[in-house]
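Visitor: Residue-level listing of the chains:
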Amino acid sequence: MTEPILSMRRLGKTHGVGAQRVDALVSVDLDLLPGELVAITGRSGSGKTTLLNMAGALDEPTTGEVIVDGQNLATLSKQELARVRRVSVGYVFQQFNLLPSLTAAENISLPLELDGMKPALARELAEKSLDEVELGGMADRYPDQLSGGEQQRVAIARGLVGPRSVLLADEPTGALDEATSESILKLIRSRCDAGAAALLVTHEPAYAAWADRVVRLRDGRVEGISVRSKTPSSTADLS
Amino acid sequence: MSVPSCELLRGLEPVISAPIWVRVVVGKKSLDAHILSMYYWYIPSMYGGFVVGIKEGLLCLLVKNEGHGYQLKQDLESATSDTWQLNIGQVYTTLQRLERDGLATSHSPDADGRVTYSVTDHGRAAARDWMAQPVDLAAAGRDEISLKLLMALVSGVEHPRRVIEVQRGSIMGLLQDYTALKSDNAHDDFAWLLYLDRLIFSAEAELRWLERVESRLDDLPAFSPTVGEKQPAESMEVTP
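As you go down the protein sequences, you meet chains A and B in turn. For the first sequence, the working numbering assigns the number 1 to the initial residue and increments by one for each residue that follows. For the second sequence, the working numbering assigns the number 1 to the initial residue and increments by one for each residue that follows.
Any given hint might turn out to be false.
Unchecked claim - Only some residues are given here: those of chain B computed to face chain A with a beta carbon under 10 angstroms:
hint, residue
1, R161
2, E165
3, G169
4, S170
5, G173
6, L175
7, Q176
8, A180
9, I200
10, A203
11, L207
12, E214
Hints were generated in silico from the structure; no laboratory data involved. From the three backbone atoms N, C-alpha and C, an ideal C-beta is built for every residue, glycine too.
Model the full structure from these sequences, guided by the hints.
Guide: See the structure below:
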């Protein structure tokens, strides 16, 4: 059986104490397998982003544990956690968060170089990753020379470069029009079909629908999970 | 009543109570869609609608060119990317009705015995009228999911939020399946994508509506039953 690449066990997050206490997340169990796209949906304040931040070692859980690539995040030092953020998981945010003074390729190769990779190899991986998001010819462009959709493609390429195989995406289409949003989701879907894993936070049902599983949170708890049929009826007939 | 191209598949393990299953067939591909039972308006548009639509479809084709039954059948099928597959008998019957109603006239049979039809001025006007009218969706007043929610609210048989959850899970699953079909569709088959997008947008609208209903539930002071004195069963989780 395939091992999950990201595993969350009885994950909980509490803010404040006493009367001010807020349970942002209550005992959530969630596994992400390689090749899987899982969407987290729910209203504002339901705990979506809290969950994503803990999955990516940006925030610490109050209870439970997060296991990324076989490593229990709770047992890691600050340096090791920083490494997980650089090497194991990639982020895509609503704001594309590219460094404006670096080219597309440099934005992608920088985290690899920070991790000690030789610049030439980092560059090679960055270019390969750009090819995979169909931006092969734009490696040397600066973010302000790219459209919003292209910038988000660069962010996805950065999220899944080299050894990185888990993409954490928080409303990645929030700033984009509908057609561009669909192309971004198609891209995330195809990267997952090629073996990556992605956790996608979105409040848009039509975007969540690209996922294999849709997990709906309510008040920090899993309210329901809906699973895509493995064999949509047309696939067998496609010639 | 026979339904060309849109096959009703009753009794296919209902996910929710009494869904209407239809199979939309486009060329070699087919899509089993269960048109949610609340979409009673789908029944006129997809069920009766298809039958009504044969008349309107033939009329529009006749406005373009005169033709005989078999040719018109093929033209209509090809215009809908084979989404509609017509029974030739139905085509002839419909052409005769068009003539009876003064919308078309028939000419004497040719050497092969084929009767050619052409449109009348009256028919031309009827085709324009049909195009100008919106499709009536107003039959949606009485639908099952609304009834179920309201009954949950007043009877305590089930928590309304649970009803919403179940419905939402079911529609989300459909939306995932439709989306998967869309991403599988490598070539651009216009008719196929048209149907798929329609189902996707309808499902999406349904989810939005459920979201809104849920907010309204949250605003209710309590889910106090108004029928009898019965309280919600204890197993129900009531969030004030």
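Visitor: Could you tell me which of the hints above the structure violates, numbers in ascending order?
Guide: Per hint list: zero violations.
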